[in-house]
Amino acid sequence: MNRTNHYDFLGYVAFAIIILLGVPFLLGFDGFELNTFARYLALAMVAMALALSWGTAGLLNLGQAATFGIGSYVMAMHLKLAASTGNPGGMPDFMGWTNVEALPWFWQPFQSLSVTLLAGLLLPAAVAGLMAIFMFRGRITGVFVAIITLAFMVALQLVFIEEQRFTGGQNGLTGLAPLELPGWTVDTYSLPFYYLVAGCLIVALLVGMLVVRSKVGLVLRAIREDAARLRYLGYDVAAYETFVFCLSAAIAGWAGMLYTLVLEFASPTYMSVSFSLAIVIWCAVGGRESLVWASVGAILVNLAEGRLSDMFVEGWLLILGLLFIFFVIFLPRGLYGLAVAAMDRLRRSPRTEPPVPVKEG
Amino acid sequence: MTVLDIQNLTVQFGGLKAVNGLNLQVQQGELRCLLGPNGAGKSTTLDLICGKTRATSGRILFDGADITNLAEYRRARHGIGRKFQVPSVFKELTVIENIEIARSRRPGLLAALTTFRTPLRGRVKEVLDRVALTDHIDSKAGNLSHGQTQWLEIAMLLAQDSKLILMDEPTAGMTIQETLKTAEIFNSLRGEHTIIVVEHDMQFVRQVAQRVTVMNQGSVLAEGTIAEIEADARVKAVYLGH
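Line order of the protein sequences matches chains E and A. What the first sequence shows, in my numbering, is residues 6 to 366, in sequence order. What the second sequence shows, in my numbering, is residues 35 to 276, in sequence order.
Be aware that one or more of the hints could be misleading.
Stated by the list, open to error - Beyond 12 Å from chain E on every Cβ pair, some chain A residues (computed):
#1 V37
#2 L50
#3 N54
#4 G73
#5 S222
#6 E226
#7 Q241
#8 T259
#9 E264
#10 D266
What the hints assert, rightly or not - Calculated lysine to aspartate or glutamate pairs in the EDC-like style (CA-CA distance at most 20 Å, straight line):
#11 A:K86 / A:D235
#12 A:K197 / A:E64
#13 A:K197 / A:E218
#14 A:K174 / E:E230
#15 A:K197 / A:D100
#16 A:K86 / E:D13
#17 A:K86 / E:D241
#18 A:K215 / A:D169
#19 A:K125 / A:D169
#20 A:K125 / E:E319
#21 A:K86 / A:D100
#22 A:K174 / E:D349
#23 A:K159 / A:D169
#24 A:K86 / A:E203
#25 A:K174 / E:D13
#26 A:K174 / A:D163
#27 A:K86 / E:D349
#28 A:K86 / A:D202
#29 A:K159 / A:D195
#30 A:K174 / E:D231
#31 A:K125 / A:D172
#32 A:K86 / A:D39
#33 A:K215 / A:D172
#34 A:K270 / A:D235
#35 A:K125 / E:D231
Hints are computed from structural coordinates only; laboratory data are not their basis. A virtual CB, placed ideally from N, CA and C, is assigned to each residue, including glycine.
Chain E on its own, in the form it takes in the complex (with noise of 0.2 Å):
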């Protein structure tokens, strides 16, 4: 374990060094690249929170895109509200159309730029916390938590679809303002909009690795593996899947906030099924396993899907599903499977010792 931690470790300062030198020197410093870039990380923090539940405690949340698109949405309010100061009653437009008296409640904390921050963060928390708490005490695993957290999401969709007075409908929020920062009105095709991204998909890689290398990430992968004997340990086994729950929609929050700063709106789109569906295609082709090759996965479909979308239009989702399909029966553990292999071979290489010495005892 300490080998592979080693390893993980050298791995995560590589697609650090990648992501904040190699990246933008490759793209040349071109703000439109740069944009499209920093989309794909925020959608790489999305699967990287994914593979914080699933892979190390096997909790597959199919309705991770639900809390993606809470905090995508708490930060288009925040943005919604800057653009409409000069509407009467510092309204959104939509709320002119469909007759809304006034600016309701829920609205209007979210001029408050540090309220947003935070609430971005934490109303996803505070929902995946929700659902976690009557999931697990419950003792509910395996498929049934995929089953509870998409209809979670279908339902959650429909409400932001139908609640047209107040969420923008089907058209989401539109028209946003700049965000404005302490001293800083970001551009988001500009290098450090890109640093910004990339900052806050390094940030969360670290939280999560410091959370799967303490015990606590101990105690998820022996979830994993059988829960009733760690309840026999003493571990609250509910708690530490509830917590883990949380900070993943946490962190899946904080990645719908920059994407909602990336495409400068947000849509139901970003609750929908089949992105969900992406989120965990993008984990299992990177390998669950690991928050650093979960993310490079996100990367590396979402940049295939860049470049063949536009050549396949039709097509382009046959071609994700059939790499889905390739994955799952050749490479169950995605590429991270690959690298470790051929760290083993590589290792294994200089002596010829036979791979697993077990003496009878």
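Chain A: place on chain E using the hints.
Frame of chain E, contents of chain A only:
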């Protein structure tokens, strides 16, 4: 001092009373063997003590506290450890990680968040030395031999350091030498720990047991030293039929 006091304990599965009005007292530091024919309720009794099964009626007092309705992880925190019939180590974790998991003095989330690798020294090293697994700490538990897996599980019990240890057929599938070594470890544990063992291997029982409780149809049939039990007519009747 009575450390475990089971009073009139009953559990009903449908129409079957697996444990029926059981009364059992175990003293601090004692090593108690539970014997009985198949279906006598021995394993169910262990399940009731560790919380795997909830009692229909009756009370379980442990260390003066009523634990009858506590969740299993809370009982574990009170100091009750359980070894199951099927070796249950975490196969995907390495040997040392299994020990780390078992060393659960502080099983809370906050403590775990601030704990990183446990070094191989102190209690961890002592326990691993004792079961001769020190050379295998980085092996996955799934790659150990059957005997080693048994030892790992016993090492986990030692690392957990429970006041009361419940064991279900600890020597099942062991060779004669392994059984002897297990008996040796058990004998060194008594006094400090209280142990309840369900076991069929009479050879082993003779080596370790001070007092033996024989169960039949969910209640206590006889209790006493091994010699008394072997001379008991009712016990013979249950085992031999008629």
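Legend entry - Hints violated by the structure (numbers, ascending): Of the numbered hints, 11, 16, 20, 27, 33 do not hold.
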